[in-house]
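Asker: Here is how the chains run, residue by residue.
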Amino acid sequence: MSAVALTVLAVGVLLLMVMFAARSGPERIFTGPLHDPSFRGVTPSYTLPTPPSLPGRGHRQGLLHGNPFFTTLGWVVRLLLALCVLWLVQLGVRRLAERLREWRGRPRPPRPGQVDFEVLDDPDPLVEEIRRDADEQFALLLGGEPRNAIVACWDRFEEQAERVNASRKPWETSSEFTLRLLDQVAADAGAVARLEALYREARFSEHEIDEARRHVAVEALRDIHASLGIGAVSR
Amino acid sequence: MTQPGTPSPAGRISVAEASQRSQAVLDEVERAVVGKRLPLTLVLAAILAKGHVLIEDFPGLGKTLAARSLARVLGLDFARVQFTPDLLPADITGSFLYNQKDGSFDFRRGPLFTGLLLADEINRTPPKTQSALLEAMQERQATVEGETFRLPEPFHVLATANPIEYEGTYPLPEAQLDRFLMRVSFGYPTTQEEHDVVTRRLARGQEDVDLDQVTDAGGLSAMQAAVEIVTLDDTVARYCVDLATSTRDHKDVLTGSSPRGSLGLALAARGFAVVRGRDYVIPEDVKAVSRAVLSHRITVKPELWMTQASGPRVVDAVLAEVPTPRALEQP
Numbered sequence: 001m002s003a004v005a006l007t008v009l010a011v012g013v014l015l016l017m018v019m020f021a022a023r024s025g026p027e028r029i030f031t032g033p034l035h036d037p038s039f040r041g042v043t044p045s046y047t048l049p050t051p052p053s054l055p056g057r058g059h060r061q062g063l064l065h066g067n068p069f070f071t072t073l074g075w076v077v078r079l080l081l082a083l084c085v086l087w088l089v090q091l092g093v094r095r096l097a098e099r100l101r102e103w104r105g106r107p108r109p110p111r112p113g114q115v116d117f118e119v120l121d122d123p124d125p126l127v128e129e130i131r132r133d134a135d136e137q138f139a140l141l142l143g144g145e146p147r148n149a150i151v152a153c154w155d156r157f158e159e160q161a162e163r164v165n166a167s168r169k170p171w172e173t174s175s176e177f178t179l180r181l182l183d184q185v186a187a188d189a190g191a192v193a194r195l196e197a198l199y200r201e202a203r204f205s206e207h208e209i210d211e212a213r214r215h216v217a218v219e220a221l222r223d224i225h226a227s228l229g230i231g232a233v234s235r
Numbered sequence: 001m002t003q004p005g006t007p008s009p010a011g012r013i014s015v016a017e018a019s020q021r022s023q024a025v026l027d028e029v030e031r032a033v034v035g036k037r038l039p040l041t042l043v044l045a046a047i048l049a050k051g052h053v054l055i056e057d058f059p060g061l062g063k064t065l066a067a068r069s070l071a072r073v074l075g076l077d078f079a080r081v082q083f084t085p086d087l088l089p090a091d092i093t094g095s096f097l098y099n100q101k102d103g104s105f106d107f108r109r110g111p112l113f114t115g116l117l118l119a120d121e122i123n124r125t126p127p128k129t130q131s132a133l134l135e136a137m138q139e140r141q142a143t144v145e146g147e148t149f150r151l152p153e154p155f156h157v158l159a160t161a162n163p164i165e166y167e168g169t170y171p172l173p174e175a176q177l178d179r180f181l182m183r184v185s186f187g188y189p190t191t192q193e194e195h196d197v198v199t200r201r202l203a204r205g206q207e208d209v210d211l212d213q214v215t216d217a218g219g220l221s222a223m224q225a226a227v228e229i230v231t232l233d234d235t236v237a238r239y240c241v242d243l244a245t246s247t248r249d250h251k252d253v254l255t256g257s258s259p260r261g262s263l264g265l266a267l268a269a270r271g272f273a274v275v276r277g278r279d280y281v282i283p284e285d286v287k288a289v290s291r292a293v294l295s296h297r298i299t300v301k302p303e304l305w306m307t308q309a310s311g312p313r314v315v316d317a318v319l320a321e322v323p324t325p326r327a328l329e330q331p
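For the protein sequence lines, the chains are R and D, in the order given. The first sequence begins at 1 in this note's numbering and counts up by one. The second sequence begins at 1 in this note's numbering and counts up by one.
Among the hints, a few may not be true.
Just a few of them, taken from the derived set where beta-carbon distance is under 7 angstroms, the chain D residues facing chain R [said to hold, decoys possible]:
1) A175
2) E228
3) I229
4) T231
5) G277
6) Y280
7) P283
8) E284
9) T324
10) A327
11) L328
Hints in this document: simulated from the structure, not taken from any laboratory. This structure is a prediction, so every number in the text was calculated from the model and none was measured. Backbone N, C-alpha and C define an ideal beta-carbon position, used for all residues, glycine too.
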């Protein structure tokens, strides 16, 4: 806010200088009226003779206005001032535009029915991808430590979704994303809930995750696949 | 009623028992406070995390009823203080009175010495009195004329404030707001819930609701002890910290959440997990409590006061930006 105020102030001061320069010439800005007797406002009762050795006002004017160097210098100064003003104006306009954009881009309360995540138009490609990847997903669930296997199996749903361009938003939790996707493809809700509970326990708790839990996860995955019309896998 | 600080004969309890008891408490309180399960869950989670709660809502939405009901069902001593501009610190903490019999000064305890204190309209009293209460909230003790008195365990404050009336009020400074673990709003009931309120009252034939006591002060202490053994995975702890620190970088924010906000998120999420029946915290627990824990710790830039920028909106924005813990940790 203070930067905007300073910019406006600077633009204002420069505009005043430009106006003054346009009316009286740039040399007036730099020399000032202090040495000019016509600005004193008092008419002298007599006129001092101008010593021939000292340059008077007329002589100075002649020197400034008659000399092409000073004339060019004056125009250069005017041009530079104008450029400065233009630069400051565009700076101010850009700043205002940014503010306006920020204000317009401010998060608004979602309208009823509005969602901030992708909704699959056609769930078939995801079902096809889950079918294609079923063997590999089972292999992940059956291999290694039960805890890691269950987490890897759940994470595999995310990878399958990514392959059909339905990526998880960074702010979404894995559970939120996968539950939503499996709901869209109409997977067995009970089996999904069982596998999700096992995933959460394996991922975030310190409980012992044994082979019995793996067995429950295998059954849940099998039910999910069956509900999607995916036949028994070879393993 | 059981005296605060009375040890429970049951002693330590498991998380599963604490969870069952929490559900029983909520079921019972919901008989009086209709249709407010989520805000009541948040308040209970804060109490289980040994925190204090600021309830900011319009008049007539059940703030006092909720506090009274919780005190009754949890078996805590209950005291209510109506905060007014002329209230003095000694009116809350108590004071020494001259005993003419033996010529000594005896300490007469104020309403602070209770299990659950309802500080009604806390923003109507000057900062001097507010700070007397807030000091007790933080240190769980009161110092009167150089003598320190421990408050009973458990001790919780449910403070209320009206968010629309500002004339003649003393808004709590940010440093004092920070002492509340949560700020919760109950909001208006739905039409059906409001109809339930009316029909239940008519069927009851009296104003008061008779609620059963589910536990006692010792039982609540055991539930709070159970919360302490809830697991918080390191990635979830980092998520709490990321959420709190992100509020400091938001473009609308003058002052973001303090580190107490990160700690509050972790503690409140553990309480919430217990109410939900788990002995481990998941990122969804953190999300569920983040609005109540963080929004009152955020100060919006003064030039945005006339806009819709607010603490809850900043928290919503932060929740929509900060990455959650991944299923598989990256190497």
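Asker: Tell me the numbers of any earlier hints that the structure contravenes, in ascending order.
Answerer: 1, 2, 3, 5
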